[in-house]
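Visitor: Hints are included, so try docking the two chains, each in its own frame, into the full complex.
Top line first, the protein sequences correspond to chains A and B. Going by our numbering, the first sequence runs without a break in its numbering and finishes at 502. Going by our numbering, the second sequence runs without a break in its numbering and finishes at 534.
What the hints contain is simulated information worked out from the structure, not anything from laboratory work. Warning: the hint list may mix true and false statements.
[Said to hold, decoys possible] A few chain B residues that face chain A, going by a derived Cβ cut-off under 7 Å, partial list only: (1) 166; (2) 196; (3) 197.
[Claimed, not checked] Computed list of chain B residues with no C-beta within reach of chain A, every gap over 10 Å: (4) 156; (5) 173; (6) 320; (7) 387; (8) 391; (9) 461; (10) 481; (11) 483; (12) 515; (13) 519.
Beta carbons are placed, not taken as given, at the ideal position from N, Cα and C, and that holds for glycine.
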Amino acid sequence: MITLILPNLSSDLLAILPEISLALTLVAIVVFDLIFSKSKRFLPFISLVGIVITFAFVVLQFGDPKSAFSVTGNNSFLSLDNFSSFFKILILITTAFIVLFSMSSQEVNSCPDRHGEYYALIFGMVIGMFFMVSANDLILIYLSLELLSLSSYVLAGFVKTSVRNSEASLKYIIYGSASSGIMLFGISILYGITGSTNLHEINSLLHFTAASQLTFVMAVLMIFAGIGFKISIVPFHFWTPDVYEGAPISITAFLSVASKAAGFVILIRFLKITFTQGLDKSGYWQMLPYIDWQLLLIVFSIITMTFGNFAALWQDNLKRMLAYSSIAHAGYLMLGVAVLSDQGLMAVLVYFSVYLFMNLGAFYVVMLIANKIDSEEIDDYKGLGYSLPLLGTALGIFLISLTGLPPTAGFIGKLYLFIALVDANMITVAIIALLNTVVALYYYIRVLKAMFLTKSEKHIVVKLSPLNYTVLFLLIAPVLILGIYFTPLINLAKESIQLLGF
Amino acid sequence: MNNFPILSLLTFLPIVGMGIVLLLPKKQELSIKVTTLIVTAIQIVLSIILLMNFNYAAGGINDASSFQFIEKFRWIEIPGFAWIGKIKIDYFMGVDGLSTPLVLLTAIVTFIATISSWSIDKSVKGYFAMFLLLNTGMMGVFVALDFFLFYIFWELMLLPMYFLIGIWGGPRREYAAIKFFLYTLLGSIFILLVMIGLYFSSMETLADGTRVFTFNLLELMNHANYTQTGILSPLNPNNLRFIAYIALFIGFAIKIPMFPFHTWLPDAHVEAPTAISVILAGVLLKMGTYGILRVSYPIFPELTYQLSWYIALFGMINIIYGALAAMAQKDFKKLIAYSSVSHMGFVMLGMSALNTMGISGAILQMFNHGTITAMLFLIVGVVYDRAHTRDLDSFGGLGKQMPIYTGFVTVAFFAAIGLPGLSGFISEALVFLGGFGNATTRILTVISTLGILLGAAYMLWTLQRVYLGTLNEKWKDLTDLTTREYFMLVPLTIIVIYLGVNPSPMLNLMNASANAMVKFISDAQVIYGSLNAF
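Only chain B is shown next, with the shape it has when bound in the complex (with noise of 0.2 Å):
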């Protein structure tokens, strides 16, 4: 099993959906559909062969023997000249408690996001290349482990998710598009940026005793690599470590996105089709917080613990800020994605907070993130198909008219809200455990609970004005759940109620790691205080 190269089969796959897609005729709409399909059910498969074959106990971050179905091998080799050093990058993929929840999450996010576009009608052939694409960028950044191809599989993605927005989008959906690619153009950026710095700050040692630059992320985590000159080694007295801490802080928080980098989101939100909402908010946004676990936090540990508060301050604006905003919306869907950016405000806080409960309450909220807000996606794409608008004040009643799909509605709100016995609960009750179980972060999270009151207040308001009180006279034909649409709900509310009664699977795939990442960051704090000596 252990040669079994699955990570890149996984990411690969749809690839080669893609060029199968390509090569089927224009018109054969169906073949093109079920191929699509038949990937992402294999990616389903291979994620749960590779949860059924996972060693709980290992805990990876930033130890390279404790990551699980590891390929590795030479991808760029230049022997050294002169005064250029040899260079070489590594083909590096690997899982552990981290990303595991979230190569799991695509699978399913994906799977359910190719059923919710069987209904599209135009250029269909483009629309699933497209879609194939982007599933290959976004399984390829959870499990690489090598910073230049993470960074290969970042950018991957954003010129499918232009086109997909772009063309098969609302009616501004080129503005959306633009904005979009701009907004996560400029993060990336950054990205680069410190990416390269890294690249020079830090050397490992090959078999051979050679020392070479590496982008190694699990290399550039070793202190004992630091040059002594490095612009981001902490054994230069003139190190731009904090700068260029804030700089990869950002080009991951415009993905989350953090306030005052969220505004992209309401408009390619409301702008995309709802299975590429689905996918946007699912799994896109995960990478912002996966980026920060993944990179910033091991690779400048000591500055994570410095910034804790800030990171926290953040998150709770994010919440707070969120929520009121969702409030204030009129659109249907406007209103699910600003309680995204809320709801993401909750894995900014449990990070902060640097502790076993608060870390795993994080993994846990971007899974379930992932899923109840795929959920809700998929609900305003219902009711947006039948009535073709969205305006929360036009709707009323509809529970009388659609009762199995205002079910669905309601578990899906209750478990945003966090209501116990669903799976939201448990990763926030984890959140403001953790948060409150560290002093620096106690305060910001009392006020951060403020934001499950204003998502109860928005959540239900919402249900009363769209699925309570009297029926509309306008929308008395609307009918209720298509089988199609079963099989996208389903699933999910299985995992959503599931995890909500024993969530114990979930945390116990990310308990190794959640725990091996708070001891590093915590022994980090007396190597980096000692190297910062002289």
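If we strip away everything but chain A, and leave its shape as in the complex, we get (with noise of 0.2 Å):
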């Protein structure tokens, strides 16, 4: 029986002091939009000044790990431990950028009343996904799962004059409201087997009890499910495509980097905490015999980048493509988690910091480009790299690194998971993975084709603000440089790897 007797409360809301400052901001935002309806051009910054704060509070967190909201012993509702601090630093990365994006948006300026909105349902997110990252409970990573599901619904659909917005926004709830439903109802199954919806009492729960076969794998899967959905694997992506082909850019964005992340996390601990019984001394988890999850991620994650990448050569649409190399990269990153190693953990650290700047990079350019010619059909890219050399080269970039091939940082990516893959023996599996990026080149290199293959009549101009320069270059530079030098990224990632309860 759970009893909310919380011994060191000051102490565990001390612990919360990123969540507390982002809450705080997304009041602050609110309560200025109330105010000074006027001066809705300060909202952005507002943001800025919330997330460098809780910036500092998450740097100042990493390296301590500690549990918070624990009624007795190990069952912790939170766990903050490196590896969350680790996402919670790339959310909130993303979280700027998305803010930056947005400050350009021309979707989003065209509804200037509703800004106040705007940014607090992207901080209605962000704590979420904070939540999400360092929750050890079921039911709280259900909670913190509908937070963020419940925001970012509101927010495909934010331009409400667009029909795309709106049918968005209509298909992201109805799939959204299905799937977490399903998760809903494996978490209840599974409460109702073990007792509990601690990750770690189930855990260690599972240690001794033999639980009933059927309904607990049943259980287990509708909750993988939930999460499937989440982070967009096949067959949980059915979403993917047209909430991002509709939703705001710097929406699709957002979804497609941090909350992606959020979900990966969710994973990750959900299975390292509730079914192994230990690491070997490689570093390998040792899996309790329930479920096989190697084989079941190795063919979710096959079947997702296969699906992706092939999916992806048929779209004109170049953000529907890129909805489509999102699941792409998903399989990719589930790959590193089907490894079911620290090793693998820590390319799938080291995959998201990279993919987050170079996903990142070509939605930002595509919004501007967006902006300018309104409409992201590759046809109308024709030309575009001799009109715009700036953009047309950025972009060039962001999707080399895409692809993989160095001296870019996705490539860097790519070479830490198929380390791990190779460290593991699944050499059929690298095979795979590498052949997908052969098929993935010829989608990425349709665009630059497009831009720089074929001429156009047609001279757009897109007149860059200084905001836009200093933007592309902040996204460019991590492509770069981490493709060359990339020891302080996989320092850090080995840091951050370390899970609480290990």
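Guide: Below, the structure is given as structure tokens:
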């Protein structure tokens, strides 16, 4: 029986200072929006200040793993370990970029009177993700997931006048509520079997009791499906292309990076905390013999990356293509999880850090161009490399990095993934994943082909503000530098693979 | 002299040049071209300095101490932590008798190609930026001694080449460019996998005594470094060395290009602008054979020894198939492209002989083929610039109309056939001597001599169709060579004739390395035999 006796309430509250600071920022945005409704242009700056302060709190927490809100023993609600801090940092960086994106997004600026709710909802998403990445309890996982989802449903349909936006939002809600219903059902069955919602407690129960197989596996798979929806792996990906294409680009970019990252953290924590009984000396997880996770994950990831890549081949809309490409990347990332080792985990962290910059970068260029030509069709990109050399080159760099060619950062992400695979003797899987890269090259290069290999009569001028230049630079620099000098990134990832409880 | 980072300079000077080119305004086409020309000229000077300071007695191959102009420092270093061992990657460059001729070749060919690029008038800035980036990739591949570094340079070449063919190429350029890209990327995937596999199979002992996984090519060649359980370690009874060797070989063979992976080459050549064809045939194809000699041979010496007959077989197929295919072509450039396939077969045949003559012959053939094919593509370029067609049957009697040009053509054609007195003869003779000297490859060598005959047939037939006979009235306004074309053809002709008469400077350059390679592979038979025993 759970009684809410929290003996260390004050220190627990101190432990969630980042989350509190995010919540305060949200409140500040809402209040500011109410009082100074004429000065909405300050809202992004308030958001950025909130992000910076939160960032400082997160960085202070890094290296000092602890649990918070525990009733007794190890059944805490939150694990504030380096792993969650790492992802909090990634999420904050992404959020900062999204705020910067939004400042020059035509879609967002077309509804100036609703900026208050826009930024407030973004912070709603971030708070949801923050709890997701450190949640240790199925109830909290579910609640934070819903907080993230509800905010993102609204944001996907932010531009009410755009049919595309509304359609995306509606589809997202329908698929999203169905999947979270399934997940909740799974959680309730799991609770029925084990009598606990805490991952650590379930884990220690699984050590001793043989749970009745079928129901247990069903429940776990239902939870897996719910998570799979968030990280859009095949076959839970239906919503992704439609929502990514329909939503404002800034939100699409946010969903494709931050929300996916939070989903992956849940998957990893759920797997590692609930289903392992320890690490062997080379860092491989010793799994409890209930479900063959390795096989399951490998199958899902191969299907996901292959489907994503092949579906992307036929897309004519760049946003939709990037949606399928992000499905494919989810497949690669899941392969890192499927290794079921700390090395694989490190590969996931490296890959995500790199993916953040290149994917945001690609979306940013698409947004800047769409602001002008009001289209994301690849056909409309014909000859753009000549009228917009800077943006064309930038998009080229991001796409090459997404393909995973050196000397860009994308190569380092792939390299560490394949290193983990080869070390685990998963050679066949590595070959399939590498062959997928060749397929991916084909559709990424299609964009470059349209931009540089075909000439077009029309001359398009996009005026870039100093802000645009800065954001572009901030995105390109890591993609190029991390491709050549990646020591700091690997070091950071290495420090961050420790989950609390291991 | 020893502390001067000449190899880094050779490699990264083009990147600096690219920076300058990108900063120059788009309209200043002449200064862009001149910048590129200066960069490539400095590269020639640097490679001559390299040659002058070269120690002819040092073998290289697997021995770090006999590599020259070494630059080595720690690039990536991540201290060990829990189960993750220390990670380190070196920036490691150096040359020996195997790479120096190719560095020289790269410098010469890119310089000539720069002159040939003078006629580019579309997006000049982009062209030369890509050209210089490609240049860095090529130089880097030939001087890198760390597999990771090697791989980065190897991949760096793909993108510029894609754009150079795709933007400045002929009518079917998009198809040719993507075909080139996909084929070579497929090849490099195999290389990447083997690279990672090797990384986990071999450990280098650092100065402080710690053992770390390594990408260092020379350490990977040392059998004493293998771990017990590495998947590519001969100590592991279930090792995958055979599969890895084949995969690596295919990865490099696509670049050569070896039959049946050659189909990208004719397309790429036909569509590429002249200067890029020159680079492609002159330098890029050599990377396949260079990669085999630098990576596959010394890291898998026992398999090289066991599979040498198959390498010779594919060499023979390349020779005969390339020649037959060349004979069937109606397009002048396609004919030269297939002749490249045939001539690269000689390199493979020489390599497979595993004796000094064969290996020297192979390296010399790489150099000679680079210069001769560069000439042949320039020759096609000259006629295409004027007539705007490459249809062999539409010409005839150009010898009367363009006598000086035809003189150069004759030299190049005869060099390609392998006429004594010209450079092609020496290397082909060495290849045949080497191949015949090894009992394994003897029969295949004998069959391969047919290639000479076929080569003479298609070259002479082309000479007859295009340059002899009566002049087609359509072409009576064609002018002879311009000054710029002299600048391209004369230096190559001098090299071709000089090395035909006096090949010893080149042979001395590669002799020690060829010996070292042969010795290393034959010694390895004993060592690896005993490794497999337990």
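Visitor: Each hint: holds or not?
Guide: Each hint tested on the structure:
Evaluation of the residue 166 of chain B hint against chain A yields a held restraint, the C-beta minimum of about 5 Å falling below 7 Å. Satisfaction of the interface hint for residue 196 of chain B is found here, the shortest Cβ-Cβ separation to chain A being roughly 5 Å, below the 7 Å cut-off. Among the interface hints, the one on residue 197 of chain B holds; its C-beta lies about 6 Å from the nearest C-beta in chain A, closer than the 7 Å criterion. With 10 Å as the threshold on Cβ separation, the claim that residue 156 of chain B sits away from chain A is violated: the shortest Cβ distance comes to roughly 6 Å.
Interface exclusion of residue 173 of chain B from chain A breaks down, the closest Cβ pair being 7 Å apart, not more than 10 Å. Residue-level check passed: residue 320 of chain B sits 31 Å from the nearest beta carbon of chain A, beyond 10 Å. With a cut of 10 Å on Cβ distances, residue 387 of chain B stays outside the contact zone with chain A, its closest approach being about 26 Å. Listed as a non-interface residue, residue 391 of chain B keeps its Cβ farther than 10 Å from every Cβ of chain A; the least gap is roughly 26 Å.
Remark: the non-interface label on residue 461 of chain B is consistent with the geometry, its nearest Cβ contact in chain A lying 36 Å away (cut-off 10 Å). Distance check for residue 481 of chain B against chain A: the nearest CB is about 32 Å away, which clears 10 Å, and the non-interface claim stands. Residue 483 of chain B, annotated as away from the interface, keeps every beta carbon of chain A farther than 10 Å; the closest lies near 32 Å. Under the 10 Å C-beta cut-off, the non-interface status given to residue 515 of chain B relative to chain A holds; the minimum distance is some 34 Å.
With 10 Å as the threshold on Cβ separation, the claim that residue 519 of chain B sits away from chain A holds: the shortest Cβ distance comes to roughly 32 Å.
In summary, the numbered hints that this structure violates are 4, 5.
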